[in-house]
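Visitor: So that you can map any letter, position 245 of the sequence shown is 245 in this note's numbering, and since no number is skipped, the others follow by simple counting.
Among these hints, one or two may not hold up.
As the list claims (entries may be wrong) - Okay, derived cross-link-like pairs now, DSS-like style, lysine-lysine, Cα gap no bigger than 25 Å in a straight line:
id: 1; residue 1: 423; residue 2: 91
id: 2; residue 1: 91; residue 2: 38
id: 3; residue 1: 91; residue 2: 418
id: 4; residue 1: 91; residue 2: 344
id: 5; residue 1: 182; residue 2: 250
id: 6; residue 1: 38; residue 2: 178
id: 7; residue 1: 91; residue 2: 250
id: 8; residue 1: 344; residue 2: 250
id: 9; residue 1: 250; residue 2: 38
id: 10; residue 1: 412; residue 2: 91
To be clear, the hints were calculated from the coordinates, so they are not data collected in a lab. No experiment lies behind these values; they were computed from the predicted model shown.
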Amino acid sequence: MRELRIFWAGGSMQDDTLPLNNSNATTTPLSTRLPFTKYDFGWVLLCIGMAIGAGTVLMPVQIGLKGIWVFITAFIIAYPATYIVQDIYLKTLSESETCDDYTDIISHYLGKNWGVFLGVIYFLMIIHGVFIYSLSVVFDSASYIKTFGLTEADLSQSIIYKVAIFAVLVAIASGGEKLLFKISGPIVVVKVGIILIFGFAMIPHWNLDNISAFPAASVFFRDVLLTIPFCFFSAVFIQVLNPMNIAYRKREPDRVLATRMAIRTHRISYITLIAIILFFSFSFTFSISHEEAVSAFEQNISALALAAQVIPGHIIHITSTILNIFAVLTAFFGIYLGFHEALKGIVLNVLSRIMDVKNVNLLLLTSGICVFIVVTLVIWVSFRVSVLVFFQLGSPFYGIVACIIPFFLIYKVAQLEKLRGLKTWLILLYGILLCLSPLLKLIE
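Assemble the whole structure, with the sequences as input and the hints as a guide.
Guide: So this is what it looks like as structure tokens:
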């Protein structure tokens, strides 16, 4: 099939930093339009698929609880800020001359010791997400298999089932981005389709009386502060950005050109994602009252369950099941790329201290990492940790990796000097807010 081409405008740390140069700088004028190919579209779908999940379908309930004025203010602050965070994060990583993994990039900027230290923090952020989705993959799939009468046993108790499901998913995710595009692409399209269909289905039920009155100033500012992190997690896909950056750098030898492609893909993905989230959220917000939102919150149900009040039959049950399964799968595939890359970077950093990494058998290393990941995930899900409890611990990791580390790099590395400015200080403040967000619940 011919490639579709669309044109889009558009102190104890040893400081052994390597000198950077622009030996592979672009000769292509920056004003030249770049072709938008199926490869780019595949990454757009993967980014959107990484983001659309529980945060999206719970957003209308959050709006109903806090009020539309709180949400409007929160998203006006959070969504542009999240875009800036991801954009600067991507730019800080793409300026490095070498680009094999996150630890390698940081090592090139700051030296091996800083590389492994910050690489471990990055790994903790990624593994937090992987652990959450691995729990969902096993327990949700086992629940659906039992619910639909395919088995009477609870397969989540079976070691064989856990090994089998993780082995299949890891094999798919390790097959390269093209295989991942073929599998996750259609899944993401179905996910987005379901979200949009429900958004349009609720339009006849819009009632402006559901718009709540403006709250008292103290309540308003408190709720805005509490809602900003919620908005962040409804739209963030930072876990997949560095794997995407690495993929473009391997595909395109011109570093600057590869960076332009990655930044453009991020921009298209984010704008599309926000448009989908806002349409879905506002459509449901105009259709449900505050009392219905409170009831949904107390029952721990999403906006799709609320839609069952107006959409007859088993449509809601079937579509919500499909959406949940597809959301978990695409999120797992997306975050696995970052997980594998982070683990590989730490291993290579450690090996580089005792041997020449050029002598490392990369195929053997990749296979060993895949086996290690499967075993680790099987052991992890056997502990049956609460997803909700574990989820609350993740916000500080995102604040550090997405905001504070890029800020540190920009003011530490001369090559990143051009990124300094007001935006950099804004992402630092945003990162501090994310780090403190678990404590913010105490003021609610």
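Visitor: Each hint should be assessed against the structure and marked as holding or not.
Guide: Quick rundown of the hints versus the structure:
1. Between residue 423 and residue 91, the direct Cα distance comes to roughly 13 Å. Compliance with the 25 Å bound is thereby established for this hinted pair.
2. A C-alpha spacing of about 23 Å is found between residue 91 and residue 38, which places the hinted pair at or below 25 Å, so the restraint holds.
3. A distance of roughly 11 Å separates the Cα atoms of residue 91 and residue 418; the hinted pair therefore holds under the 25 Å criterion.
4. At most 25 Å may separate the alpha-carbon atoms for a hinted pair to count; residue 91 and residue 344 meet this at roughly 22 Å.
5. At roughly 20 Å between alpha-carbon atoms, residue 182 and residue 250 fall within 25 Å of each other, so this suggested pair holds.
6. For the proposed pair residue 38 and residue 178, the alpha carbon gap of about 10 Å is at most 25 Å, so the pair holds.
7. About 16 Å separates the Cα atoms of residue 91 and residue 250, which keeps this hinted pair within 25 Å; it holds.
8. Between the alpha carbons of residue 344 and residue 250 the distance comes to roughly 16 Å, so the proposed pair stays at or under 25 Å and holds.
9. A C-alpha spacing of about 17 Å is found between residue 250 and residue 38, which places the hinted pair at or below 25 Å, so the restraint holds.
10. Taking the CA atoms of residue 412 and residue 91, the gap is about 15 Å. The hint holds against a cut of 25 Å.
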